[in-house]
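Student: Residue strings, one per chain:
There are 2 protein chains.
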Amino acid sequence: MAYVDFDKTGAFKKLSALPNKGKDFSALLTAERVKASKVPAGGGLTYSWAAKGVEKAELDALQALADEQDLIGKYKALLNGEVINTGENRKVLHQLLRGQLGSPVIHEGKDLGKFYAQELERFSTFAELVQTGKIKGTTGKNFTTVVQIGIGGSDLGPRALYLALENWAAKEGKSFLKAKFISNVDPDDASQVAASVSLEETLFVLVSKSGTTQETLSNELFVKEKLKKAGLDPSKHVVAVTSETSPLARNPAYLDSFYIDDFIGGRYSATSGVGGVILSLAFGPAAFKELLSGAHEADKLALEPNILKNAALLDALIGVWERNFLGFPYTAILPYSQALSRFPAHLQQLDMESNGKRVNRDGVPVHYSTGPVVFGEPGTNGQHSFYQLLHQGTDAIPLQFVGFTESQRGDDVTVEGSVSQTKLKANLAAQIVAFAKGKSDTNGNKNFPGGRPSSLIYGKRLTPAALGALLAHYENKVMFQGFVWNLNSFDQEGVQLGKVLTKKVLSGNSGDAALDAYSEILGV
Amino acid sequence: MAYVDFDKTGAFKKLSALPNKGKDFSALLTAERVKASKVPAGGGLTYSWAAKGVEKAELDALQALADEQDLIGKYKALLNGEVINTGENRKVLHQLLRGQLGSPVIHEGKDLGKFYAQELERFSTFAELVQTGKIKGTTGKNFTTVVQIGIGGSDLGPRALYLALENWAAKEGKSFLKAKFISNVDPDDASQVAASVSLEETLFVLVSKSGTTQETLSNELFVKEKLKKAGLDPSKHVVAVTSETSPLARNPAYLDSFYIDDFIGGRYSATSGVGGVILSLAFGPAAFKELLSGAHEADKLALEPNILKNAALLDALIGVWERNFLGFPYTAILPYSQALSRFPAHLQQLDMESNGKRVNRDGVPVHYSTGPVVFGEPGTNGQHSFYQLLHQGTDAIPLQFVGFTESQRGDDVTVEGSVSQTKLKANLAAQIVAFAKGKSDTNGNKNFPGGRPSSLIYGKRLTPAALGALLAHYENKVMFQGFVWNLNSFDQEGVQLGKVLTKKVLSGNSGDAALDAYSEILGV
Numbered sequence: 192m193a194y195v196d197f198d199k200t201g202a203f204k205k206l207s208a209l210p211n212k213g214k215d216f217s218a219l220l221t222a223e224r225v226k227a228s229k230v231p232a233g234g235g236l237t238y239s240w241a242a243k244g245v246e247k248a249e250l251d252a253l254q255a256l257a258d259e260q261d262l263i264g265k266y267k268a269l270l271n272g273e274v275i276n277t278g279e280n281r282k283v284l285h286q287l288l289r290g291q292l293g294s295p296v297i298h299e300g301k302d303l304g305k306f307y308a309q310e311l312e313r314f315s316t317f318a319e320l321v322q323t324g325k326i327k328g329t330t331g332k333n334f335t336t337v338v339q340i341g342i343g344g345s346d347l348g349p350r351a352l353y354l355a356l357e358n359w360a361a362k363e364g365k366s367f368l369k370a371k372f373i374s375n376v377d378p379d380d381a382s383q384v385a386a387s388v389s390l391e392e393t394l395f396v397l398v399s400k401s402g403t404t405q406e407t408l409s410n411e412l413f414v415k416e417k418l419k420k421a422g423l424d425p426s427k428h429v430v431a432v433t434s435e436t437s438p439l440a441r442n443p444a445y446l447d448s449f450y451i452d453d454f455i456g457g458r459y460s461a462t463s464g465v466g467g468v469i470l471s472l473a474f475g476p477a478a479f480k481e482l483l484s485g486a487h488e489a490d491k492l493a494l495e496p497n498i499l500k501n502a503a504l505l506d507a508l509i510g511v512w513e514r515n516f517l518g519f520p521y522t523a524i525l526p527y528s529q530a531l532s533r534f535p536a537h538l539q540q541l542d543m544e545s546n547g548k549r550v551n552r553d554g555v556p557v558h559y560s561t562g563p564v565v566f567g568e569p570g571t572n573g574q575h576s577f578y579q580l581l582h583q584g585t586d587a588i589p590l591q592f593v594g595f596t597e598s599q600r601g602d603d604v605t606v607e608g609s610v611s612q613t614k615l616k617a618n619l620a621a622q623i624v625a626f627a628k629g630k631s632d633t634n635g636n637k638n639f640p641g642g643r644p645s646s647l648i649y650g651k652r653l654t655p656a657a658l659g660a661l662l663a664h665y666e667n668k669v670m671f672q673g674f675v676w677n678l679n680s681f682d683q684e685g686v687q688l689g690k691v692l693t694k695k696v697l698s699g700n701s702g703d704a705a706l707d708a709y710s711e712i713l714g715v
Numbered sequence: 192m193a194y195v196d197f198d199k200t201g202a203f204k205k206l207s208a209l210p211n212k213g214k215d216f217s218a219l220l221t222a223e224r225v226k227a228s229k230v231p232a233g234g235g236l237t238y239s240w241a242a243k244g245v246e247k248a249e250l251d252a253l254q255a256l257a258d259e260q261d262l263i264g265k266y267k268a269l270l271n272g273e274v275i276n277t278g279e280n281r282k283v284l285h286q287l288l289r290g291q292l293g294s295p296v297i298h299e300g301k302d303l304g305k306f307y308a309q310e311l312e313r314f315s316t317f318a319e320l321v322q323t324g325k326i327k328g329t330t331g332k333n334f335t336t337v338v339q340i341g342i343g344g345s346d347l348g349p350r351a352l353y354l355a356l357e358n359w360a361a362k363e364g365k366s367f368l369k370a371k372f373i374s375n376v377d378p379d380d381a382s383q384v385a386a387s388v389s390l391e392e393t394l395f396v397l398v399s400k401s402g403t404t405q406e407t408l409s410n411e412l413f414v415k416e417k418l419k420k421a422g423l424d425p426s427k428h429v430v431a432v433t434s435e436t437s438p439l440a441r442n443p444a445y446l447d448s449f450y451i452d453d454f455i456g457g458r459y460s461a462t463s464g465v466g467g468v469i470l471s472l473a474f475g476p477a478a479f480k481e482l483l484s485g486a487h488e489a490d491k492l493a494l495e496p497n498i499l500k501n502a503a504l505l506d507a508l509i510g511v512w513e514r515n516f517l518g519f520p521y522t523a524i525l526p527y528s529q530a531l532s533r534f535p536a537h538l539q540q541l542d543m544e545s546n547g548k549r550v551n552r553d554g555v556p557v558h559y560s561t562g563p564v565v566f567g568e569p570g571t572n573g574q575h576s577f578y579q580l581l582h583q584g585t586d587a588i589p590l591q592f593v594g595f596t597e598s599q600r601g602d603d604v605t606v607e608g609s610v611s612q613t614k615l616k617a618n619l620a621a622q623i624v625a626f627a628k629g630k631s632d633t634n635g636n637k638n639f640p641g642g643r644p645s646s647l648i649y650g651k652r653l654t655p656a657a658l659g660a661l662l663a664h665y666e667n668k669v670m671f672q673g674f675v676w677n678l679n680s681f682d683q684e685g686v687q688l689g690k691v692l693t694k695k696v697l698s699g700n701s702g703d704a705a706l707d708a709y710s711e712i713l714g715v
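Residue numbers (our numbering), protein chains in the order written: chain A, 192 to 715; chain B, 192 to 715.
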């Protein structure tokens with residue numbers, strides 16, 4: 192497999208040479224194009240790229256790029272267990288959590304697909320025992336609340352998915368335990384959550400792959416002290432999700448432990464026990480398995496070499512076009528679904544931590560832009576906030592919309608002839624067209640330049656399967672972009688320096704006078 | 192008063208001609224500089240600009256810019272009631288909510304400072320009557336929960352401030368009513384909140400200046416139907432915050448109405464009844480008045496013409512330097528305080544809706560960059576998420592840190608020799624220095640280029656006064672930047688086109704075939 196810097200490819204030259212970059216594509220956006228320009232994305236979702244400024248010339252060049260960089264070949268190598276995370280010498284196996292797509296991945300004599308499936312069954316059984324009251328807390332009361340203690344990938348993904356399904360579960364009668372989250376080392380976070388729950392009815396899920404994360408271990412101790420003060424036995428109230436080699440594994444201090452391994456990166460771990468334990472406790476193991484099946488379907492669709500039939504690949508390539516040839520340094524995620532309120536924060540980590548890199552997979556600096564800044568909030572809320580800049584700012588920003596035909600709770604009200612869900616969708620459709628086409632006005636203040644490109648992922652209803660596919664779509668998109676840019680999308684060396692300096696500060700010997708001065712003004 | 196486009200000023204030319212733009216300023220960052228480079232920001236806060244890449248030459252040129260564009264003169268004109276919001280022909284008076292700094296502002300014979308003070312007293316009294324059980328719901332039970340119904344500025348600011356003070360109030364014994372928020376027209380939002388409260392003990396605050404906001408009126412009806420179904424009288428459970436000319440004013444359908452006027456823009460309304468009613472109900476009127484006094488102090492400090500003694504002005508000018516001369520298209524807000532979890536979302540609206548404009552205050556297109564994209568999440572959470580890109584992405588991003596010496600709840604745990612609050616602060620100090628100085632490493636993957644500029648606003652503890660000052664600091668910063676760029680920072684014409692198209696879709700006659708095609712695939 193050849194790994195080549197993006198600017199060394201023939202496709203890069205071809206894309207650079209394309210005329211009409213930044214041309215106003217708004218006239219392109221016809222009803223026919225809307226009807227034709229869409230691809231299935233799994234879980235009942237569809238990816239629509241009609242409002243993106245690409246035509247045959249761009250799409251042909253992007254197909255040539257996909258072929259030349261062998262994006263599908265690299266994806267297959269990843270699925271087959273090649274060491275794709277070169278910096279850390281690790282395989283990358285989060286897709287395997289959702290099902291087998293390549294050959295069996297054997298590591299040190301262990302079939303990892305089977306291992307992941309077995310852990311899934313273990314925590315599914317555990318969740319059922321908790322839900323049916325067969326596993327109880329110290330005082331014999333049933334667990335009613337689950338609190339996840341974790342940070343980064345152990346927090347953002349699971350939290351986003353929990354919020355995304357809370358209303359679905361309420362409607363479907365699948366609400367079991369209520370979930371809360373403790374992440375920040377700010378002691379107010381743990382203190383507030385601990386004070387808001389009935390400790391004797393609360394099960395804590397401690398998530399740290401290495402078992403050494405500073406924030407998580409501090410919060411673990413915080414919670415254990417609260418449990419002890421309440422006369423409860425922490426070993427009956429805490430389960431661990433960790434690797435088998437961590438100090439948390441097979442440790443009698445925990446009610447049970449569920450395992451992942453080094454091949455599941457933090458930001459890709461939502462479909463492992465990291466997300467699975469809490470989601471199975473909250474909504475039942477069947478719902479979590481539906482989420483996995485939606486993700487698996489998206490993973491399978493991502494194997495298609497024709498970019499017009501592969502939603503994640505096409506989304507990735509259009510993003511590369513916008514980043515490297517149209518020069519956009521950011522992209523906004525705009526879900527028209529309140530349930531997806533924290534999904535942009537998860538995608539922010541997923542994308543920026545994966546592809547926010549300035550060296551290639553061999554550690555050599557690259558000479559082109561890589562991962563963009565990702566931000567977003569749900570619509571219609573964002574319309575009353577930062578959309579002003581999106582419509583009329585001095586720079587255009589590519590937009591990624593998400594929307595659903597039906598609400599999750601099916602509880603609605605008719606005002607002025609339409610229900611709220613219809614208003615929500617009408618706003619979404621209107622925004623796509625407003626951004627693309629703009630509106631000229633002789634009053635400059637009321638003039639909309641248009642030409643703001645957007646995509647749309649849509650489906651019938653935000654179910655576990657749709658959510659799983661949505662998650663996997665973005666994971667696979669980021670993976671393909673990393674392959675195009677020849678990055679290692681699966682390490683995060685950029686988080687190390689801060690950790691090292693923090694330890695020095697805490698040890699009382701920072702070795703830097705400016706750092707000491709900051710510590711002083713902050714009262715460290 | 193002369194209003195001149197930025198690129199027509201002498202200061203613009205001078206700034207453009209400065210050498211060493213983008214120079215590596217990391218060697219600047221000494222202990223002496225950290226100790227010297229700070230300015231009081233009100234409410235006990237201090238603004239530190241030590242880790243910003245500006246020296247005497249840049250600061251002198253920025254002072255000249257402040258003088259030439261008469262930024263303080265324009266601020267004074269605003270305080271004195273001049274029509275600064277030219278597009279809508281309106282005064283801009285949110286600072287007057289916090290106290291009188293200019294001459295009395297008389298409009299149609301009414302002293303608006305007195306009017307605002309009187310409304311403050313009216314809702315303070317109302318909050319006390321509710322808290323003491325003198326105003327009750329239909330069934331005679333005390334109100335225990337307040338739910339705000341509003342969107343945009345009627346949601347983001349009040350919500351951010353509520354979350355910011357929840358733990359402070361718990362510690363100080365100032366927790367009165369619990370607050371929740373309904374914003375999105377997505378019916379799942381209202382349905383979920385309504386299902387989560389005891390309706391007979393819930394007071395709703397309906398916030399819409401015009402009384403015509405689609406989302407808010409839909410959610411009002413949603414909630415009223417729930418109240419009626421529960422056998423409750425909506426007129427005893429809903430108060431309105433609106434303008435005196437709106438259909439919601441002096442309307443027997445509401446328990447009471449509190450007033451703002453057209454001179455309080457939505458995103459600047461958190462210190463009016465828009466934020467004040469719910470915050471006074473939640474934490475008591477005294478806490479809200481402390482917040483106002485902190486904001487007033489910051490407003491007063493912002494009158495200082497010397498940029499090295501005016502935190503908001505200096506912050507604004509350094510931001511202009513970074514946006515227009517170093518070319519940064521974004522800025523990140525990174526509060527090391529979980530209580531400020533939604534403060535970046537409020538600042539995102541404040542900044543992007545105010546200065547995301549491509550025409551000057553007269554509607555003429557400008558030829559320079561204006562407001563940046565603003566995003567952010569609390570630290571340390573962000574460290575485990577998007578900081579990878581901030582440290583090692585291909586583009587630098589200016590950073591705005593916020594931190595406090597003490598936690599709000601004072602409930603902490605010692606792990607490995609330090610409490611969590613100390614770890615939080617050590618992380619913050621370490622990040623500032625890591626971003627500025629980087630670390631060279633022969634392994635490209637472990638190399639940190641540094642040169643990432645940041646500012647820090649710090650204080651002893653996040654109290655109402657500190658929070659008020661923090662809010663006003665950013666409002667004033669955005670105002671000064673708008674003056675530099677010669678924008679009208681106080682209208683939002685960019686939200687109109689989407690509204691118009693949405694209405695057309697809902698009326699069944701969009702007039703655009705592509706829009707109809709989108710409506711069709713979304714099932715509108």
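Bear in mind the hints are in silico, worked out from the structure with no lab data behind them. Where hints are given, some of them may not hold.
Since the list gives no way to pick one copy over another, a pair counts as held whenever it fits inside one copy or between any two copies.
Heads up, simulated BS3-like pairs for lysine-lysine below, C-alpha to C-alpha not over 30 Å straight-line [stated by the list, open to error]:
| hint | residue 1 | residue 2 |
| --- | --- | --- |
| 1 | Lys212 | Lys637 |
| 2 | Lys362 | Lys204 |
| 3 | Lys365 | Lys630 |
| 4 | Lys491 | Lys226 |
| 5 | Lys305 | Lys205 |
| 6 | Lys301 | Lys491 |
| 7 | Lys305 | Lys415 |
| 8 | Lys651 | Lys371 |
| 9 | Lys267 | Lys427 |
| 10 | Lys651 | Lys427 |
| 11 | Lys637 | Lys265 |
| 12 | Lys332 | Lys369 |
| 13 | Lys694 | Lys371 |
| 14 | Lys214 | Lys199 |
| 15 | Lys630 | Lys480 |
| 16 | Lys369 | Lys420 |
| 17 | Lys265 | Lys371 |
| 18 | Lys369 | Lys415 |
Student: Are the hints correct? Go through all of them and say.
Tutor: Hint check results:
In this assembly of identical chains, lysine 212 and lysine 637 lie within 30 Å of each other by CA distance solely inside one copy; the values are 26 Å within and 35 Å between copies. With identical chains, the CA atoms of lysine 362 and lysine 204 are never at most 30 Å apart, being 53 Å at best within one copy and 62 Å at best between copies. Proximity of lysine 365 and lysine 630 under a CA criterion of 30 Å is satisfied in neither setting, with 46 Å inside one chain copy and 50 Å between copies. When the C-alpha separation of lysine 491 and lysine 226 is checked against a cutoff of 30 Å, the pair qualifies only within one copy, where the shortest distance is 24 Å, while the shortest distance between copies is 57 Å.
Taking the shortest alpha-carbon separations for lysine 305 and lysine 205, neither the intra-copy value of 44 Å nor the inter-copy value of 67 Å comes in at or below 30 Å. Only within a single protomer do lysine 301 and lysine 491 lie at most 30 Å apart by alpha-carbon distance; the minimum there is 24 Å, versus 68 Å between protomers. With identical chains, the CA atoms of lysine 305 and lysine 415 are never at most 30 Å apart, being 34 Å at best within one copy and 53 Å at best between copies. For the identical chains of this complex, lysine 651 and lysine 371 are neighbours both inside a copy (28 Å) and across copies (29 Å), given an alpha-carbon limit of 30 Å.
In this assembly of identical chains, lysine 267 and lysine 427 lie within 30 Å of each other by CA distance neither inside one copy nor across copies; the values are 43 Å within and 63 Å between. Taking identical chains as interchangeable, the C-alpha atoms of lysine 651 and lysine 427 are never at most 30 Å apart, the minima being 41 Å within one chain and 39 Å between chains. Within a single copy, lysine 637 and lysine 265 get their C-alpha atoms only as close as 48 Å, which misses the 30 Å cut-off; across copies the closest is 24 Å, which meets it. Taking the shortest Cα distances, lysine 332 and lysine 369 sit within 30 Å of each other both inside one copy (15 Å) and across copies (27 Å).
In this assembly of identical chains, the alpha carbons of lysine 694 and lysine 371 lie at most 30 Å apart only when taken from the same copy (29 Å versus 39 Å across copies). For the homomeric pair lysine 214 and lysine 199, the shortest alpha-carbon distances inside one copy (26 Å) and between copies (29 Å) are both at most 30 Å. For a Cα distance limit of 30 Å, the shortest separation of lysine 630 from lysine 480 qualifies neither inside one copy, at 46 Å, nor across copies, at 44 Å. With identical chains, the CA atoms of lysine 369 and lysine 420 are at most 30 Å apart both within one copy (23 Å) and between copies (27 Å).
Taking identical chains as interchangeable, the C-alpha atoms of lysine 265 and lysine 371 are never at most 30 Å apart, the minima being 38 Å within one chain and 48 Å between chains. In this homomeric assembly, lysine 369 and lysine 415 come within 30 Å of each other (Cα to Cα) both inside a single copy, at 20 Å, and across copies, at 27 Å.
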